[in-house]
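*Asks:* Protein sequence lines, in the order shown, are assigned to chains A and B. When we follow the UniProt record's numbering, the leftmost residue of the first sequence carries the number 1, and every step to the right adds one. When we follow the UniProt record's numbering, the leftmost residue of the second sequence carries the number 1, and every step to the right adds one.
These aren't lab readings, by the way, just hints derived from the structure by calculation. There could be a bad hint or two in this list.
[Unchecked claim] Heads up, simulated DSS-like pairs for lysine-lysine below, C-alpha to C-alpha not over 30 Å straight-line:
hint	chain 1	residue 1	chain 2	residue 2
1	A	Lys27	A	Lys363
2	A	Lys184	B	Lys97
3	A	Lys155	A	Lys201
4	A	Lys467	A	Lys201
5	A	Lys201	B	Lys94
6	A	Lys219	A	Lys264
7	A	Lys264	A	Lys27
8	A	Lys27	B	Lys97
9	A	Lys201	A	Lys184
[Stated by the list, open to error] With beta-carbon atoms standing in for the labels, derived distance ranges:
hint	chain 1	residue 1	chain 2	residue 2	range
10	A	Arg309	B	Lys102	41 to 51 Å
11	A	Thr283	B	Asp154	51 to 61 Å
12	A	Pro88	B	Thr103	51 to 61 Å
[As the list claims (entries may be wrong)] Quick look at which bits of chain A chain B covers, simulated, 3 or more residues with Cβ under 8 Å:
hint	segment
13	111 to 123
14	422 to 428
Quick caveat: nothing in here was measured; it's all calculated off a predicted structure. By construction, the Cβ of each residue, glycine as well, lies at the ideal position given by its N, Cα and C atoms.
Take a look at the letters that make up each chain.
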Amino acid sequence: MPPVKLAVVGGGPSAFYVTSRLLSLLKPSEAPSFRVHMYDRLWAPHGLVRYGVAPDHPEVKNCTNKFDDTANDPRFRFFGNVNVGDTPLTSIPHTHSLPLRSLLQNYTHVLFATGCTLSTLHPAIPPSEYCVPALSMVHWYTQHPSHVPPPDLRKISHVSLIGNGNVSLDIARILLTPPHVLEKYDVPTSVLDVLRQSAVKHVSIMARRGPLEAAFTTKELRELMNLPDASMVPLSSSILTSAPEMTMTRQQRRTLELLQKGSKNAYGSTPKTWSLEFYRSPTGLTPPTSSSPLAQLTLAHTELDPRTRRAISTGETSSLLTSLVITSLGFHADPQTTFYDPSLGHLRALAGRIISSSGTAIKNIYASGWSANGAKGVLASTMMDAYAVADIILSDITPGEKGVQTTATSSNPDMILSSEFQLNPNPHVEDPPLEILEGLKNGTVTTYDDWKHIDAEERRRGEAMDKERERMSWSDARTFMSQRAALH
Amino acid sequence: MSSSTTSLLRTCLRSSSISRQATHGASSLRALHTSSRPALNAAQWKRSSASAWLQPRQQSILANRTRHMHTSPALAHGSVTRPAPGTGIKVHFKDAKGEHLKTIEANEGDDLLSLAHEHDIDLEGACEGSIACSTCHVILSPSHYDLLPEPSDDENDMLDMAFGLTDTSRLGCQVQLTRDLDGMTATLPSATRNMFVDGHKPTHH
Ligand SMILES: Cc1cc2nc3c(=O)[nH]c(=O)nc-3n(C[C@H](O)[C@H](O)[C@H](O)COP(=O)(O)OP(=O)(O)OC[C@H]3O[C@@H](n4cnc5c(N)ncnc54)[C@H](O)[C@@H]3O)c2cc1C
Ligand SMILES: NC(=O)c1ccc[n+]([C@@H]2O[C@H](COP(=O)([O-])OP(=O)(O)OC[C@H]3O[C@@H](n4cnc5c(N)ncnc54)[C@H](OP(=O)(O)O)[C@@H]3O)[C@@H](O)[C@H]2O)c1
Numbered sequence: 001m002p003p004v005k006l007a008v009v010g011g012g013p014s015a016f017y018v019t020s021r022l023l024s025l026l027k028p029s030e031a032p033s034f035r036v037h038m039y040d041r042l043w044a045p046h047g048l049v050r051y052g053v054a055p056d057h058p059e060v061k062n063c064t065n066k067f068d069d070t071a072n073d074p075r076f077r078f079f080g081n082v083n084v085g086d087t088p089l090t091s092i093p094h095t096h097s098l099p100l101r102s103l104l105q106n107y108t109h110v111l112f113a114t115g116c117t118l119s120t121l122h123p124a125i126p127p128s129e130y131c132v133p134a135l136s137m138v139h140w141y142t143q144h145p146s147h148v149p150p151p152d153l154r155k156i157s158h159v160s161l162i163g164n165g166n167v168s169l170d171i172a173r174i175l176l177t178p179p180h181v182l183e184k185y186d187v188p189t190s191v192l193d194v195l196r197q198s199a200v201k202h203v204s205i206m207a208r209r210g211p212l213e214a215a216f217t218t219k220e221l222r223e224l225m226n227l228p229d230a231s232m233v234p235l236s237s238s239i240l241t242s243a244p245e246m247t248m249t250r251q252q253r254r255t256l257e258l259l260q261k262g263s264k265n266a267y268g269s270t271p272k273t274w275s276l277e278f279y280r281s282p283t284g285l286t287p288p289t290s291s292s293p294l295a296q297l298t299l300a301h302t303e304l305d306p307r308t309r310r311a312i313s314t315g316e317t318s319s320l321l322t323s324l325v326i327t328s329l330g331f332h333a334d335p336q337t338t339f340y341d342p343s344l345g346h347l348r349a350l351a352g353r354i355i356s357s358s359g360t361a362i363k364n365i366y367a368s369g370w371s372a373n374g375a376k377g378v379l380a381s382t383m384m385d386a387y388a389v390a391d392i393i394l395s396d397i398t399p400g401e402k403g404v405q406t407t408a409t410s411s412n413p414d415m416i417l418s419s420e421f422q423l424n425p426n427p428h429v430e431d432p433p434l435e436i437l438e439g440l441k442n443g444t445v446t447t448y449d450d451w452k453h454i455d456a457e458e459r460r461r462g463e464a465m466d467k468e469r470e471r472m473s474w475s476d477a478r479t480f481m482s483q484r485a486a487l488h
Numbered sequence: 001m002s003s004s005t006t007s008l009l010r011t012c013l014r015s016s017s018i019s020r021q022a023t024h025g026a027s028s029l030r031a032l033h034t035s036s037r038p039a040l041n042a043a044q045w046k047r048s049s050a051s052a053w054l055q056p057r058q059q060s061i062l063a064n065r066t067r068h069m070h071t072s073p074a075l076a077h078g079s080v081t082r083p084a085p086g087t088g089i090k091v092h093f094k095d096a097k098g099e100h101l102k103t104i105e106a107n108e109g110d111d112l113l114s115l116a117h118e119h120d121i122d123l124e125g126a127c128e129g130s131i132a133c134s135t136c137h138v139i140l141s142p143s144h145y146d147l148l149p150e151p152s153d154d155e156n157d158m159l160d161m162a163f164g165l166t167d168t169s170r171l172g173c174q175v176q177l178t179r180d181l182d183g184m185t186a187t188l189p190s191a192t193r194n195m196f197v198d199g200h201k202p203t204h205h
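Use the sequences and the hints to build the structure in full.
*Replies:* Shown next as structure tokens:
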């Protein structure tokens, strides 16, 4: 096998699952010169597993044990705080930017696993003092390096979530769970302080379609139903019946049953309440006035087009008084990423390969995970996709070789060796680009070993406070690392 | 590449983004579960359980998996104690095509996910047996499925999202062996090979 030095852009689950598959299928004896270098713009690895997954879902984060195993392979290196791209990342000023050209000159193959890092916004209600995208909430409670300011929950009694996907339900749950339940998890102290002062009494979760089209999954709905201090406004039975001719999936049937049963606590018996509002789509938001302290959200009433199953307006409208609107409509990739296709909302990729603007697959450049497919699916589906992409890469780097079995499709598509995106067939075997070597020297680029020390310290600090971990910010982590260096 | 292929590619790309509807129904989530080697072999599993990186909760989950006491004369297999040949509960593992992979012998109380890892059978356990994912989904022989206690709500919630769900599907981590399950078959689920985009048909070998 000729030397293969793969750069992976992004350090989330997709990046790790592809890498783990490649490293376990290519034994060091069979492919002695195989190397993987992974880059993330954040100083800590694991993408949305660290900066997305809700703190009260610690089991989901068990997948990082497998990522740690992958990172233990001597053929693997991680470089954090490195944004691959030609424009500096303004939201995280301390991050290095590494031009793609630099990467191409130092690697034989590149995989994009950059995820979908931006919230999709609603055209009728742009972000304002009274309307924030879901990601701002998630970044706040996970202490994401982009440093979003906390919501002033002391002044917020009624929250309106637009969209009923799992991210929306995550946010509702964090707002409705008593802080003493959350404090044992990986919730930063500063976040708990804000939650302890919360004035939130009601969370309204709105969707433009019906219960059978709901985007949440049963587990997340059940978690809301079982909250200790909250109850759901019962749904009218007319909404909870399905057309007799319709055959429901198992998930739809179980969702309906759960909605009919309602919350564990009876409505009205709890300090906090929540509601699911179906067939509602926002059309505008009027800020509070001197006479009305709440903002007014205007909603179009909708119904399903029986043919397309999309939401169409019935012509009726209503309005709702609310303190804060949170739009949770999904995510798209960063338009600054090379190969971003605005009509798709993610990178132009097909069957694991990056596609040029003229529609041909570009040789040796790949994409996986949310960056390639859009922001859909749970970790299990991200893993399946990653294994398929790893098999495509293997079929390219070990064509026809015995011993390495892949299930990649045998017919490779037409591919071009792009002159614009030319890789280096013989790069330095071990070294990353010069800029990265510099960053490693001055401690501004992080390694996986750095992360493991910080990870252990976060857990240690957490243990002292009877919680899973106490998160560090980049400046905390830097201080900790330099103190550690001084001791050794 | 011809221009018609180019436009086909473009159509495929479009349809992949438009079909977000497809992501929520378990049945429409098409997956690729292919493997030629175990993703997490027994040695790695042990290494990770010994790792000081684990938090206490995770350690106790892993401890549970190796805790089960043996009821018959035992032989050591790695660090886990295995029944003497001929004395254990027999489980036949089959791949998605129904081809026999391995017959293993287990102790009472062993769960299928731990057994699969111990015997290098390619069953993932992303959440390590805490019922927070559906990666260890297996299909059981109907007569043995009927002998098991009903799945919990939590397990059913995860099965909702499993690929290739059947009437006798369970999460491997939740199937604990008893004597009367002797001779059970556990088949890995079949899933289509292509989950990249709608409309893209891979050619098979
Ligand atoms: C809020 C939220 C909660 C979720 N909770 C769950 C859950 O409980 N259970 C579950 O199964 N699934 C959950 N998911 C889904 C799961 O997180 C995704 O399936 C998975 O993270 C997708 O993996 P990925 O690697 O493609 O993307 P990501 O996890 O987003 O990783 C992409 C990485 O690339 C990096 N990056 C981006 N651009 C660049 C660049 N130019 N240079 C360098 N690095 C870059 C990013 O910093 C990021 O770390 C959740 C998703 C969200 C949004
Ligand atoms: N615990 C977990 O397992 C977990 C947690 C978080 C996230 N995730 C996964 O991550 C993925 C992303 O989750 P998500 O919640 O961000 O997205 P999502 O599941 O795609 O949900 C988006 C929601 O926004 C609505 N929407 C989109 N555009 C709209 C518009 N213009 N007007 C009104 N409503 C609009 C959608 O309604 P329509 O359906 O009508 O378009 C839908 O209700 C999902 O696959 C999810 O399962 C999983």
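*Asks:* Now tell me, hint by hint, if it's right for this structure.
*Replies:* Each hint tested on the structure:
Between Lys27 of chain A and Lys363 of chain A, the direct Cα distance comes to roughly 24 Å. Compliance with the 30 Å bound is thereby established for this hinted pair. Distance hint between Lys184 of chain A and Lys97 of chain B is unfulfilled; the C-alpha atoms sit about 45 Å from each other, more than 30 Å. At roughly 11 Å between alpha-carbon atoms, Lys155 of chain A and Lys201 of chain A fall within 30 Å of each other, so this suggested pair holds. Restraint check: the Cα-Cα separation between Lys467 of chain A and Lys201 of chain A comes to about 26 Å, which is no more than 30 Å; the hinted pair holds.
The hinted pair formed by Lys201 of chain A and Lys94 of chain B fails the criterion: a straight-line CA distance of about 52 Å is larger than 30 Å. At most 30 Å may separate the alpha-carbon atoms for a hinted pair to count; Lys219 of chain A and Lys264 of chain A meet this at roughly 14 Å. Only pairs whose Cα atoms come within 30 Å are accepted, and Lys264 of chain A paired with Lys27 of chain A is rejected, the gap being roughly 52 Å. For the given pair, Lys27 of chain A sits about 27 Å from Lys97 of chain B by alpha-carbon distance, which is consistent with the 30 Å threshold.
Pair hint Lys201 of chain A plus Lys184 of chain A holds up; C-alpha atoms about 23 Å apart against a cutoff of 30 Å. A beta carbon spacing of about 44 Å between Arg309 of chain A and Lys102 of chain B agrees with the range 41 to 51 Å that was offered as a hint. At about 39 Å, the CB distance of Thr283 of chain A to Asp154 of chain B disagrees with the hint of 51 to 61 Å. Under the hint 51 to 61 Å, the C-beta atoms of Pro88 of chain A and Thr103 of chain B, about 59 Å apart, fit the expected range.
Counting residues of the segment 111 to 123 of chain A whose CB lies closer than 8 Å to any CB of chain B gives 0, so the stated coverage by that chain is violated, three being the minimum. Using a Cβ-Cβ cut-off of 8 Å, 0 residues of the segment 422 to 428 of chain A lie near chain B, which falls short of the minimum of three, so the contact claim is violated.
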